[in-house]
Amino acid sequence: LEFVKGSDFQLEKKYVRDMFRLSAWNTLTRCKRAASEVVRFGDEPKLSGFIYPIMQALDEEYLNVDCQYGGIDQRKLLVFARENLPKLGYRPRIEIMTPMLPGLKGEKMSASIESSKIDILASKEEIKSRINKAFCPEGEIKDNGVLAFFKYVIMVIKEDDKDKLTIRRPEKFGGNAVYPSYSELEKDFEDKRLHPMDLKAALVEELEKLTEPVRKALKGKEKLIKEAYPENN
1 LEFVKGSDFQ LEKKYVRDMF RLSAWNTLTR CKRAASEVVR FGDEPKLSGF IYPIMQALDE
61 EYLNVDCQYG GIDQRKLLVF ARENLPKLGY RPRIEIMTPM LPGLKGEKMS ASIESSKIDI
121 LASKEEIKSR INKAFCPEGE IKDNGVLAFF KYVIMVIKED DKDKLTIRRP EKFGGNAVYP
181 SYSELEKDFE DKRLHPMDLK AALVEELEKL TEPVRKALKG KEKLIKEAYP ENN
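Just so you know, this note's numbering puts 85 at position 85 of the sequence shown, and the rest follows in order with no gaps.
For the record, the hints were derived by calculation from the structure and aren't laboratory data.
Certain hints may be false.
To be verified - DEER-style ranges, computed between Cβ atoms:
| id | residue 1 | residue 2 | range |
| --- | --- | --- | --- |
| 1 | GLU138 | LEU28 | 25 to 33 Å |
| 2 | LYS187 | SER23 | 49 to 57 Å |
| 3 | ASP163 | PHE9 | 30 to 38 Å |
| 4 | ASP73 | ARG17 | 42 to 50 Å |
| 5 | SER23 | ARG168 | 49 to 57 Å |
| 6 | ARG168 | GLN10 | 38 to 46 Å |
| 7 | ASP163 | ILE96 | 34 to 42 Å |
| 8 | ILE225 | SER129 | 41 to 49 Å |
Unchecked claim - Here are the simulated lysine to aspartate or glutamate pairs, DMTMM-like style, with alpha carbons at most 20 Å apart:
| id | residue 1 | residue 2 |
| --- | --- | --- |
| 9 | LYS14 | GLU61 |
| 10 | LYS200 | GLU227 |
| 11 | LYS133 | GLU61 |
| 12 | LYS151 | ASP188 |
| 13 | LYS151 | GLU83 |
| 14 | LYS128 | GLU205 |
| 15 | LYS128 | GLU184 |
| 16 | LYS200 | GLU222 |
| 17 | LYS158 | ASP188 |
| 18 | LYS223 | GLU184 |
| 19 | LYS172 | ASP191 |
Where a beta carbon is used, it is the ideal one built from N, C-alpha and C, also for glycine.
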């Protein structure tokens with residue numbers, strides 16, 4: 001996993017020239033439509049929101065990626081990139097989209113609703129607090145954000161690594177449970193053979209392992225993070 005800062009390449013003369021060229025070829029309406037699902041424009045929109053789709057498209061080329069991966073809320077941005085990169089003589093990339101995870105409170109996950117999501121930089125204590133408060137009624141699968149994390153994140157990684165999920169439980173509650181696939185995990189939960197608190201405890205453990213390398217990489221860079229994601233934007 002490699003972290004690349006935008007400033008490593010977005011200030012290069014060639015990148016800036018390409019940004020100006022795409023700015024000349026696209027209207028405000030087109031850029032607004034591309035960013036409408038991820039940028040809040042409001043009554044007095046900032047110019048940066050209109051430039052955002054252009055820069056995300058160019059990043060594909062300047063990062064030399066084979067594909068771009070994002071949630072389905074990114075689809076208009078990904079279409080924008082596929083339409084515009086060939087205008088500059090660059091090849092269109094493969095665009096991969098995944099379903100949006102349900103929020104931890106049962107609704108759509110939203111960056112503006114803190115309790116509905118897990119931040120990539122959240123501490124183990126924060127992860128545990130939010131997961132423990134998550135909507136996860138016993139045996140209920142629909143709109144279950146805890147199960148969704150296992151389905152679209154944890155079990156995908158486990159299966160790619162040819163690994164199995166182990167849920168640790170005291171012997172008096174059945175002992176450890178091992179799951180090679182998500183379907184088996186879901187069935188046990190639906191049949192109430194797996195308690196919500198055991199499921200949540202396992203998710204906390206897995207998310208902590210998954211996010212720890214990111215926290216380490218960004219340790220000491222709190223100022224950078226704060227400037228990248230200002231509270232009042």
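Checked hints:
1. GLU138 to LEU28: 25 to 33 Å: 50 Å, violated
2. LYS187 to SER23: 49 to 57 Å: 52 Å, holds
3. ASP163 to PHE9: 30 to 38 Å: 35 Å, holds
4. ASP73 to ARG17: 42 to 50 Å: Roughly 30 Å apart at Cβ, these two residues miss the hinted range, so it is violated.
5. SER23 to ARG168: 49 to 57 Å: Roughly 54 Å apart at Cβ, these two residues keep to the hinted range, so it holds.
6. ARG168 to GLN10: 38 to 46 Å: Since the Cβ atoms of ARG168 and GLN10 sit about 45 Å apart, the hinted range of 38 to 46 Å holds.
7. ASP163 to ILE96: 34 to 42 Å: Roughly 22 Å apart at Cβ, these two residues miss the hinted range, so it is violated.
8. ILE225 to SER129: 41 to 49 Å: 20 Å, violated
9. LYS14 to GLU61: 12 Å, holds
10. LYS200 to GLU227: Not satisfied, since the Cα-Cα distance of roughly 33 Å exceeds 20 Å.
11. LYS133 to GLU61: Violated: LYS133 and GLU61 sit about 41 Å apart, past 20 Å.
12. LYS151 to ASP188: Holds, at roughly 14 Å.
13. LYS151 to GLU83: 32 Å, violated
14. LYS128 to GLU205: The given pair, whose Cα atoms are some 9 Å apart, holds under the 20 Å limit.
15. LYS128 to GLU184: The hint is violated at about 24 Å.
16. LYS200 to GLU222: Violated, because 29 Å separates the two Cα atoms, which is more than 20 Å.
17. LYS158 to ASP188: 18 Å, holds
18. LYS223 to GLU184: Violated, at about 43 Å.
19. LYS172 to ASP191: 19 Å, holds
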